[in-house]
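Visitor: Residue-level listing of the chains:
There are 2 protein chains.
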Amino acid sequence: MRCEIVAVGTELLLGQIVDTNSSWIGQQLALAGIDCLFQTKVGDNFGRIEAALHLALERADAVVVCGGLGPTQDDITRDVIATVMEVELARDPEVEDRIRTMFEARGRHMPENNLRQADVPAGARIMDQMPGTAPGLVCPVGPDGAKVIYAVPGVPYEMEQMVGGTVIPDLQRRSGETAVIRSRTLRTWGQSESGLAEMLAPYHDELEQSGRATLAWLASGIEGLKLRLTAKAASADEADDVLAREVAMLERLLGDLIFSTRDQSMEAVVLDQCRSRGLTLATAESVTGGLIASRLTAIPGSSDVYRGSVVSYATEVKFDVLGVAHGPVVSGEAAEAMALGACRVLGADVSVAVTGVAGPAELEGQPVGTIWAATCVKGDAAATSLRLPGDRERIRQFSTIAVLNLLRQRLIAS
Amino acid sequence: MRCEIVAVGTELLLGQIVDTNSSWIGQQLALAGIDCLFQTKVGDNFGRIEAALHLALERADAVVVCGGLGPTQDDITRDVIATVMEVELARDPEVEDRIRTMFEARGRHMPENNLRQADVPAGARIMDQMPGTAPGLVCPVGPDGAKVIYAVPGVPYEMEQMVGGTVIPDLQRRSGETAVIRSRTLRTWGQSESGLAEMLAPYHDELEQSGRATLAWLASGIEGLKLRLTAKAASADEADDVLAREVAMLERLLGDLIFSTRDQSMEAVVLDQCRSRGLTLATAESVTGGLIASRLTAIPGSSDVYRGSVVSYATEVKFDVLGVAHGPVVSGEAAEAMALGACRVLGADVSVAVTGVAGPAELEGQPVGTIWAATCVKGDAAATSLRLPGDRERIRQFSTIAVLNLLRQRLIAS
Chain A
1203 MRCEIVAVGT ELLLGQIVDT NSSWIGQQLA LAGIDCLFQT KVGDNFGRIE
1253 AALHLALERA DAVVVCGGLG PTQDDITRDV IATVMEVELA RDPEVEDRIR
1303 TMFEARGRHM PENNLRQADV PAGARIMDQM PGTAPGLVCP VGPDGAKVIY
1353 AVPGVPYEME QMVGGTVIPD LQRRSGETAV IRSRTLRTWG QSESGLAEML
1403 APYHDELEQS GRATLAWLAS GIEGLKLRLT AKAASADEAD DVLAREVAML
1453 ERLLGDLIFS TRDQSMEAVV LDQCRSRGLT LATAESVTGG LIASRLTAIP
1503 GSSDVYRGSV VSYATEVKFD VLGVAHGPVV SGEAAEAMAL GACRVLGADV
1553 SVAVTGVAGP AELEGQPVGT IWAATCVKGD AAATSLRLPG DRERIRQFST
1603 IAVLNLLRQR LIAS
Chain B
1203 MRCEIVAVGT ELLLGQIVDT NSSWIGQQLA LAGIDCLFQT KVGDNFGRIE
1253 AALHLALERA DAVVVCGGLG PTQDDITRDV IATVMEVELA RDPEVEDRIR
1303 TMFEARGRHM PENNLRQADV PAGARIMDQM PGTAPGLVCP VGPDGAKVIY
1353 AVPGVPYEME QMVGGTVIPD LQRRSGETAV IRSRTLRTWG QSESGLAEML
1403 APYHDELEQS GRATLAWLAS GIEGLKLRLT AKAASADEAD DVLAREVAML
1453 ERLLGDLIFS TRDQSMEAVV LDQCRSRGLT LATAESVTGG LIASRLTAIP
1503 GSSDVYRGSV VSYATEVKFD VLGVAHGPVV SGEAAEAMAL GACRVLGADV
1553 SVAVTGVAGP AELEGQPVGT IWAATCVKGD AAATSLRLPG DRERIRQFST
1603 IAVLNLLRQR LIAS
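Line by line, the protein sequences give chains A and B. Residue numbers for the first sequence follow this note's numbering, beginning at 1203 and rising by one. Residue numbers for the second sequence follow this note's numbering, beginning at 1203 and rising by one.
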């Protein structure tokens, strides 16, 4: 069973809005075991929407078309579908009623053109879910309705209800597919994409040949390098068992390069480690300038572990607040003193600290990308030097995940 | 001149990554006056990438293909382009050299498969910009190279340099377009999208009728609400003059709701204000947890103004480090004490401070979205209460831009 996605809207092509709908629908299709081989964005133009739908119906069994169901003259998805189905539009009295009722319930005047949303191609079925004024449509196409177009609005929460409630179940019924597809995402830090590929080459080849599961990887910056295992089985439990065995295999092969087997961020993992050990955490940041703190505090519940940060951007703040000894601040000694200072000033059991050069200019004769990262665990500080690639923002991001990873490794070992 | 975009990567179809690259490229094409009528996502599959490129080349004069230039076996964009061009791949010694040098500079071992990135279709030109190990390619197609494929990596900062530096200028040269299209983006804070639309309605109607320029707006969260003016003229100078007149008109209509007429972020504007007044800046953050510091320090050159931050996430850090009086910490008094404490502890002339409730749970009986924002200018602290909508991350982001805007307004008035 193949299903394509066509996202309609000139604002998508112009980049005024990022098309997150297709990504979300793509996820749901993948999880339901339905192949999605192409996704297309097209503007609010009759001929081009028509061409996109014809092409998608040639290549696939089904198409989800998203957007262009609003009340304005720009919204022509209904009209195009009627042409593709070779039928007329007819006003649906039940939908008309629902739209009128919705406006009344909100105490708002209904502009007449809103009733365009009740115009439905003959032979199309209205989806049960209708959280807004745009009905979702199931539109059979061709002899015996062998293929199908699903039309859903571009408003994400309306679209999501319809795709989850009608589109996916209808596709599964049509496919007769009883297999269940499940995924697990692992995250790693400490090896490049190609380095990991080299380490995993024999396993990957063997896995592909066996057909037990598939493995894909993706470098994701501050989120780490993600590995995604996907398995198909007769039941969810069976698929989960297959995945658990492959995860165990990857853990043997990669050891503590893996920081999460459940798609958690590095900061979530470190917060969990601290929580389970009853440790409080603080940070002292120079080159990362608050990024580590910001990532940690983005996580709900971080307040029971995380004390705070001293962002010591100016050199005197390192000396005066954190107690760094006067001298070079891009150094292991400075990083260690910052980590100790963070624990002392902020009253924490453990800490991380980063100092270094994010650019654009070098500092203290050190080139851009020179980083000293330190951790402090119960009064014992240790620093490590890193050489990071990329521009200012990448250096800040890599420093953040790298220093948290150092603390993670120390906490595992302690 | 028509240019399509083909984004390559199975992870895009599966929704593991949202395709923001196509949106960004679409924006750049629109600004350059180049039509983009279709954008396609396709997986890492030879036949389907080939089909997508052929179709795009039929419909358009040029194609930007984004992604699939990495070093792994999945990365086959180079191979597909060679087939479409009907040429062979050949290893480019200069690119090979640059890749080896990049690895050496970082002191890292280069896996042999990285050299696949030096394989280039015969007749393709290497783009000058090469911030990573993947070269961008300009690939003429068909008799006399009448059409063209631009291949750029999927890493956004690499892609952006190549599209801005090579693709757009090359397309403009090919189009023979002599009219110049220029844009100015203004940013506002303090009015909703619909409020702004109401304020601008008569001006907007008059502008549209005159055809002097076009105006579009886009709510952009922590970046503010953006207004974009676009004008077409015989020369860049002439277009810039038109835009300058419209910007002056918008400044009269919107006053200090406009915080930048040059598409600067709020934090860049505040840093500039401090710099020009010879003031140093500090922050004290509770609910924003380092986000303000992180945004300020993301800007190169912030170190000559910005001293640092005390992220006082734990209540005791507010008391012990910042000198907040014992009592409720979601209050105007606490926010003012934090702002004063930031100036004192970090040795700064001015500061901002934020305390409040980002959720998920309420705090001190105050509902989620309750924020106290304070500014301190030369020893004089003042607090304002805000009620912000949305989830945890939106509350953190809106708090950040809102408190910086308060400081901006005080500095203008002072």
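Quick caveat, the hints were computed from the structure, so don't treat them as lab data. Hints may be right or wrong, so weigh each one.
No distinction is drawn between identical chains; accordingly, a pair holds when it is met within one copy or between any pair of copies.
Taking lysine to any residue pairs in the SDA-like style, the calculated list, with each CA pair at most 20 Å apart, reads [unchecked claim]: (1) 1428 x 1446; (2) 1428 x 1222; (3) 1428 x 1275; (4) 1428 x 1506; (5) 1434 x 1212; (6) 1580 x 1467; (7) 1580 x 1396; (8) 1428 x 1562; (9) 1580 x 1402; (10) 1434 x 1216; (11) 1349 x 1417; (12) 1580 x 1256; (13) 1349 x 1260; (14) 1580 x 1203; (15) 1428 x 1273; (16) 1428 x 1600; (17) 1428 x 1406; (18) 1428 x 1246; (19) 1428 x 1357; (20) 1349 x 1561; (21) 1349 x 1288; (22) 1580 x 1298; (23) 1428 x 1216; (24) 1580 x 1616; (25) 1428 x 1451.
Visitor: The structure should be examined with respect to each hint, and the outcome stated for every one.
Guide: The hints, checked one at a time:
1. Proximity of residue 1428 and residue 1446 under a CA criterion of 20 Å is satisfied intra-copy only: 16 Å inside one chain copy versus 47 Å between copies.
2. In this assembly of identical chains, the alpha carbons of residue 1428 and residue 1222 lie at most 20 Å apart whether taken from the same copy (18 Å) or from different copies (19 Å).
3. Proximity of residue 1428 and residue 1275 under a CA criterion of 20 Å is satisfied inter-copy only: 17 Å between copies versus 42 Å inside one chain copy.
4. Taking the shortest alpha-carbon separations for residue 1428 and residue 1506, neither the intra-copy value of 28 Å nor the inter-copy value of 38 Å comes in at or below 20 Å.
5. Proximity of residue 1434 and residue 1212 under a CA criterion of 20 Å is satisfied inter-copy only: 17 Å between copies versus 37 Å inside one chain copy.
6. In this assembly of identical chains, the alpha carbons of residue 1580 and residue 1467 never lie at most 20 Å apart, being 24 Å within a copy and 40 Å across copies at closest.
7. In this assembly of identical chains, residue 1580 and residue 1396 lie within 20 Å of each other by CA distance neither inside one copy nor across copies; the values are 37 Å within and 53 Å between.
8. For the homomeric pair residue 1428 and residue 1562, neither the shortest alpha-carbon distance inside one copy (29 Å) nor that between copies (28 Å) is at most 20 Å.
9. For the homomeric pair residue 1580 and residue 1402, neither the shortest alpha-carbon distance inside one copy (37 Å) nor that between copies (59 Å) is at most 20 Å.
10. For a Cα distance limit of 20 Å, the shortest separation of residue 1434 from residue 1216 across copies, 15 Å, qualifies, whereas the shortest one inside one copy, 38 Å, does not.
11. Taking identical chains as interchangeable, the C-alpha atoms of residue 1349 and residue 1417 are never at most 20 Å apart, the minima being 31 Å within one chain and 37 Å between chains.
12. Taking identical chains as interchangeable, the C-alpha atoms of residue 1580 and residue 1256 are never at most 20 Å apart, the minima being 65 Å within one chain and 62 Å between chains.
13. In the homo-oligomer, the alpha carbons of residue 1349 and residue 1260 lie at most 20 Å apart inside one protomer (10 Å), although the nearest pairing across protomers, at 26 Å, exceeds that limit.
14. Proximity of residue 1580 to residue 1203 under the C-alpha cut-off of 20 Å is found in neither arrangement, the shortest distances being 56 Å within a copy and 64 Å between copies.
15. Within a single copy, residue 1428 and residue 1273 get their C-alpha atoms only as close as 38 Å, which misses the 20 Å cut-off; across copies the closest is 16 Å, which meets it.
16. Taking the closest pair of Cα atoms, residue 1428 and residue 1600 come within 20 Å of each other only inside a single copy of the chain (15 Å); across copies the shortest separation is 30 Å, beyond that limit.
17. For a Cα distance limit of 20 Å, the shortest separation of residue 1428 from residue 1406 inside one copy, 15 Å, qualifies, whereas the shortest one across copies, 47 Å, does not.
18. Proximity of residue 1428 to residue 1246 under the C-alpha cut-off of 20 Å is restricted to the inter-copy arrangement: shortest distance 17 Å between copies versus 36 Å within a copy.
19. In the homo-oligomer, the alpha carbons of residue 1428 and residue 1357 lie at most 20 Å apart only across protomers (15 Å), although the nearest pairing inside one protomer, at 25 Å, exceeds that limit.
20. In the homo-oligomer, the alpha carbons of residue 1349 and residue 1561 never lie at most 20 Å apart, since the shortest distance is 54 Å inside one protomer and 40 Å across protomers.
21. In the homo-oligomer, the alpha carbons of residue 1349 and residue 1288 lie at most 20 Å apart inside one protomer (14 Å), although the nearest pairing across protomers, at 36 Å, exceeds that limit.
22. For a Cα distance limit of 20 Å, the shortest separation of residue 1580 from residue 1298 qualifies neither inside one copy, at 57 Å, nor across copies, at 48 Å.
23. Taking the closest pair of Cα atoms, residue 1428 and residue 1216 come within 20 Å of each other only across two copies (14 Å); inside a single copy the shortest separation is 30 Å, beyond that limit.
24. In the homo-oligomer, the alpha carbons of residue 1580 and residue 1616 lie at most 20 Å apart inside one protomer (11 Å), although the nearest pairing across protomers, at 47 Å, exceeds that limit.
25. In the homo-oligomer, the alpha carbons of residue 1428 and residue 1451 lie at most 20 Å apart inside one protomer (16 Å), although the nearest pairing across protomers, at 50 Å, exceeds that limit.
Violated hints, listed in ascending order, are 4, 6, 7, 8, 9, 11, 12, 14, 20 and 22; each of the other numbered hints is respected by the structure.
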